[in-house]
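2 protein chains.
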Amino acid sequence: MNNWIQNFKISDPFWKRYEDLLTDVVIPYQEAALRDQIPDAEKSHSIENFKMAADVMQNGAEPGEYYGMVFQDSDLAKWIEAASYSLLQKPDPDLEARLDEVIETIKDAQYPDGYLNTYFTLKAPDKKWTNLQEAHELYCAGHMIEAAVANYEATGKTVLLDTMKRMADHIYQRFVVEGHPGYPGHPEIELALMRLYHATGEEKYKELSAHFINVRGVDPDYFVKEAAARGWQVWGMEAEDRTYAQNQMPVRDMTKATGHAVRAVYLYSGMADLAAETGDKDLIKACRTLWDNITTQQMYITGGIGSTVHGEAFTKDYNLPNATAYAETCASIGLIFFARRMLELEADGRYADVMERALYNTVLAGMQLDGQRFFYVNPLEVVPGISGVVPGYRHALPQRPKWYGCACCPPNVSRTIASIAKYAWGLKDETVYSHLFLGGELDLTKELGARITVETRYPYEGKVKYHIEGVPIRMAIRIPEWSRHTKLLVNGVPITVWPYKGYQYISDAQTIELYLDMDPVRVYASSRVASDSGLTAVMRGPLVYCAEGVDNGGDVLSLRLAGNGQIIAEPYTDTLCGTVKLKADGYCVHTEEGTLYSTTRPKLEPVQIDLIPYYTWGNRGLNEMRVWLPEV
Amino acid sequence: MNNWIQNFKISDPFWKRYEDLLTDVVIPYQEAALRDQIPDAEKSHSIENFKMAADVMQNGAEPGEYYGMVFQDSDLAKWIEAASYSLLQKPDPDLEARLDEVIETIKDAQYPDGYLNTYFTLKAPDKKWTNLQEAHELYCAGHMIEAAVANYEATGKTVLLDTMKRMADHIYQRFVVEGHPGYPGHPEIELALMRLYHATGEEKYKELSAHFINVRGVDPDYFVKEAAARGWQVWGMEAEDRTYAQNQMPVRDMTKATGHAVRAVYLYSGMADLAAETGDKDLIKACRTLWDNITTQQMYITGGIGSTVHGEAFTKDYNLPNATAYAETCASIGLIFFARRMLELEADGRYADVMERALYNTVLAGMQLDGQRFFYVNPLEVVPGISGVVPGYRHALPQRPKWYGCACCPPNVSRTIASIAKYAWGLKDETVYSHLFLGGELDLTKELGARITVETRYPYEGKVKYHIEGVPIRMAIRIPEWSRHTKLLVNGVPITVWPYKGYQYISDAQTIELYLDMDPVRVYASSRVASDSGLTAVMRGPLVYCAEGVDNGGDVLSLRLAGNGQIIAEPYTDTLCGTVKLKADGYCVHTEEGTLYSTTRPKLEPVQIDLIPYYTWGNRGLNEMRVWLPEV
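Going down the list, the protein sequences come from chains A and B. Read left to right, the first sequence gives residues 8 to 639 (my numbering). Read left to right, the second sequence gives residues 8 to 639 (my numbering).
It is worth saying that the hints were derived from the structure and are not from the lab. Computed from a predicted structure; not experimentally measured. Treat the hints with care, as some may be off.
Copies of the same chain are indistinguishable here, so a pair counts whether it falls within one copy or spans any two.
Stated by the list, open to error - Listed next, the in silico DMTMM-like pairs over lysine to aspartate or glutamate satisfying Cα-Cα at most 20 Å (straight line):
(1) K288 with D99
(2) K323 with E600
(3) K508 with D176
(4) K16 with D592
(5) K494 with E214
(6) K453 with D558
(7) K263 with E600
(8) K134 with E69
(9) K130 with E437
(10) K508 with D355
(11) K508 with E600
(12) K508 with E245
(13) K164 with E108
(14) K50 with E233
(15) K590 with D524
(16) K323 with D562
(17) K429 with E454
(18) K16 with D450
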């Protein structure tokens with residue numbers, strides 16, 4: 008079922024704010040960025056590239072000067088996806104008209120044979136398909152296919168869908184019918200083709216997705232050979248490092264998440280979608296193994312993945328440095344994609360737990376609370392003067408920029424938030440799954456003859472109340488692994504909480520009241536994570552907390568949690584859009600002044616440590632910030 | 008006084024072992040390396056380069072193919088320095104003959120006008136002096152001047168000395184007489200010229216040293232202009248980053264140690280030597296300020312400096328990551344040079360304390376205990392599979408290689424150990440300073456009519472006993488800052504320990520018995536050092552300790568020191584050449600298996616933690632290693 012976004016009207020304070028922010032601020036802001044109208048921000052030129060390409064195609068004009076990354080087309084695609092979904096939440100005829108106009112331009116930029124990519128149209132029309140390793144043609148196609156599906160789902164219009172079907176047909180012709188070798192340097196089209204298949208029911212697109220998944224890494228030297236043959240390059244990327252783009256071996260043999268993290272999770276998402284569709288046992292096994300490797304060996308507590316700036320990549324198990332973390336926003340979005348597809352494969356709460364962790368922490372941290380600045384990189388420790396400055400830390404900016412030359416993340420956050428209902432809900436074996444806890448109204452009249460209303464102030468509060476009207480249905484309510492003491496009332500009567508694989512299955516209820524354990528908890532990392540040893544993090548519900556200088560006298564590095572102290576949630580304030588802050592008993596250590604090393608045990612001054620949710624950090628100026636704190 | 012090495016015969020177990028290792032293993036090993044005779048090691052070709060250059064000069068031969076770094080000449084120079092000094096400890100006519108032969112070759116490689124540098128002779132004779140930024144001509148000259156002084160001091164022979172005086176005269180002619188602009192891209196010649204001045208008494212060399220120090224950074228754009236003018240490059244180094252080579256401003260204005268750490272401390276050493284000689288108040292002030300910045304804001308507990316691999320450089324105050332530390336062996340050697348010269352400037356124990364810290368920890372760690380493998384980089388935390396492997400950690404090798412393509416460090420360790428007496432002793436205002444505690448016999452008959460015998464098993468034990476015979480003298484015994492409870496007996500009678508600036512001054516003693524506090528101590532870093540927060544290090548005397556996997560069940564990351572536990576020194580064993588190991592009360596934590604993050608507080612299993620001196624780590628195979636441990 009693909010109409011969750013249409014069927015679900017959000018009304019809870021947390022997500023309603025995000026939805027309004029998206030429709031009223033983020034979508035217009037990002038449109039302005041794509042139209043190069045934001046002063047002092049990096050230029051996008053993405054729409055302009057399409058206009059010039061259309062001019063070439065329609066009028067035989069001389070190609071104008073392409074500007075931007077080789078994958079600049081995808082920034083527009085992600086925004087179209089977000090903007091299309093936003094129309095479902097808040098109809099906006101002007102926006103819809105502008106969308107239609109942009110889509111017409113995209114259609115006009117297409118070659119008669121279906122080919123579509125402005126970089127090649129404007130810069131290198133004779134080099135199409137010769138650089139799958141670097142040139143992102145299949146990646147851009149994937150994103151525009153996703154945009155097309157979203158636009159179709161949101162508006163019922165088929166202009167972009169037809170355009171991208173023609174592009175997909177063109178690709179099918181080349182790689183399947185004509186049998187040209189190769190696979191994408193940046194996976195993405197695999198999952199996009201599965202979406203196209205789900206939207207259209209056309210087997211061909213599933214077949215094409217399967218093709219790219221199946222041939223990947225069968226010839227691990229493909230990019231090496233291509234690089235040797237092509238005689239041109241975008242960046243001169245190293246083709247010898249086969250793990251970077253996950254082509255070191257056939258995908259079914261993979262056991263470790265490797266290389267560029269976004270590439271990796273986009274690929275695994277496509278694999279999971281295909282596996283859920285085909286039941287391919289080897290592919291399912293590979294997906295599970297890769298999932299386990301990521302989530303039990305290579306993931307930050309914030310759901311961030313890909314710990315190194317070098318190649319924006321996974322490194323080795325348990326290598327999770329905090330201050331130099333890369334943890335790209337897009338990578339956590341990709342992890343959410345992967346999680347959601349694993350949930351289609353098998354309803355297991357551990358997928359939803361990770362999905363929630365990545366969403367409420369890294370992905371939301373990727374955007375400033377005002378919706379106008381964005382993080383690409385999400386460090387877990389920030390020290391002004393070092394973060395963003397010192398070599399090795401330069402990527403770890405301590406404040407969000409307005410836009411990026413490589414602007415993959417901002418519109419990716421938008422499309423994820425705009426389609427949050429897809430992640431919140433699931434339907435499998437006639438059971439309605441509540442994966443995430445969002446307040447609002449889910450209209451399943453057409454599908455099941457039922458309507459579900461959810462009242463909650465989650466993640467601020469742990470109570471989630473479901474009202475089910477209409478035909479009795481079976482529901483599966485996720486019981487998060489982190490909720491140590493969970494209560495459930497069905498039709499007002501307490502029941503034993505006994506989840507199967509993370510879900511409590513309940514049939515024929517009129518009301519379900521879920522009380523999740525929102526006591527702040529201390530979290531300890533595996534002792535194999537060197538960077539976290541001796542340190543403690545604090546969570547409340549799905550939210551990872553951090554200490555920021557502005558709340559703590561400017562000095563976070565001197566803070567120590569009291570091992571036996573209390574951590575209490577503060578009453579609501581207006582700070583940080585009304586989030587819940589924590590107060591923890593702790594100490595400020597005073598080490599000897601004027602020396603680096605002292606035998607004098609640091610003096611401990613009792614203090615209250617103010618903690619804020621990680622997603623809200625960096626909203627109040629340049630600041631020290633830390634997720635993991637020593638405990639005494 | 009420059010004849011400490013001649014006058015002091017080492018006999019204590021610690022340094023005698025090193026001296027024997029040096030004469031019997033290291034000097035021959037490094038000679039073999041320089042002659043490209045070590046199987047499976049990086050080639051040096053340094054002697055061969057000189058032979059080919061001599062062939063060009065003497066026989067007008069076609070230049071053979073130069074091999075190695077642009078500063079390959081300096082590797083041979085450092086070895087000549089070490090080998091010359093070793094002759095004083097252990098006469099070796101064969102070695103001396105080989106030295107003479109090599110020196111003849113060097114002399115033969117010199118141009119008639121005094122110019123000497125095999126890179127330019129063989130590769131670029133028309134490009135001399137056009138690339139001071141990158142091409143290391145002045146640096147190589149400096150090292151060969153140092154070698155010449157050492158060879159002269161050790162053997163009384165003047166072949167190399169005269170050769171290098173001619174080169175120094177050539178440089179003087181160019182930069183002082185003819186007034187060509189420029190200063191060294193890699194400082195070194197400044198301190199070398201001061202050594203040449205001290206050895207020969209010729210003012211001209213002091214003047215030339217002062218010239219390079221005084222013009223440095225006055226035109227901070229010199230390298231930028233040079234790079235624009237020259238039209239060729241060695242590596243294409245960035246001339247715009249003026250802090251890298253410390254030319255961002257005149258040296259007297261500098262307040263922060265910046266850039267390439269070896270360059271920095273070599274420069275500061277030259278500055279300190281000159282300042283001690285001239286009494287230049289601004290220069291003295293700059294030296295003190297830079298010293299304070301390094302030692303109270305930018306130095307590892309091991310005396311390692313230069314925390315980043317990017318440019319092998321200083322970064323920002325308090326940025327001292329452990330696992331990715333660079334802490335080049337040569338940089339700590341340079342810090343010792345700087346310290347020793349500051350001691351000439353003013354007798355203050357803090358300089359000697361740091362000198363000792365760098366020597367007994369980072370510098371000695373730079374060489375395997377068997378003298379045949381060497382560290383360039385000295386991390387404070389090692390995790391096999393990550394260290395030396397993961398991008399960002401690749402420089403931090405977990406085991407010592409046999410040699411390096413860039414082999415600055417191995418012979419630098421040799422020459423430092425071979426001249427250890429220079430660092431141990433000082434003479435100022437007719438007072439004999441005991442900076443470091445080495446057992447042996449110091450013959451000052453010629454200088455003061457006295458002989459001092461020192462009995463000690465330092466750093467294994469804290470007792471140091473001085474016997475003074477002959478004319479009564481004044482001595483200044485360093486009381487290390489780390490010794491919290493120090494006892495002193497003069498002629499068998501206890502005296503009050505009341506040091507002035509770190510030294511106890513004692514006149515006319517026949518015996519002095521010093522008892523230093525060798526109780527193991529816990530050390531805490533300033534809370535501004537993010538990487539060490541909540542962590543504790545252990546020292547005993549001057550030695551920093553670490554935990555290594557081989558002693559601790561393979562798992563160092565799970566170790567926690569017991570905050571209230573004992574740390575005791577073990578009786579001598581044969582392990583690690585008879586060093587003193589420590590046993591600390593502690594725990595092994597058991598975190599939840601199969602998950603990265605858990606709310607279950609880790610279980611603590613009481614264990615004895617084995618600690619070894621940092622300089623002995625990495626001698627027993629691939630291993631986890633950690634200096635800073637969490638404390639519970």
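Numbered hints the structure breaks, given as an ascending list
Hints 1, 3, 4, 5, 6, 9, 12 and 14 not satisfied by this model.
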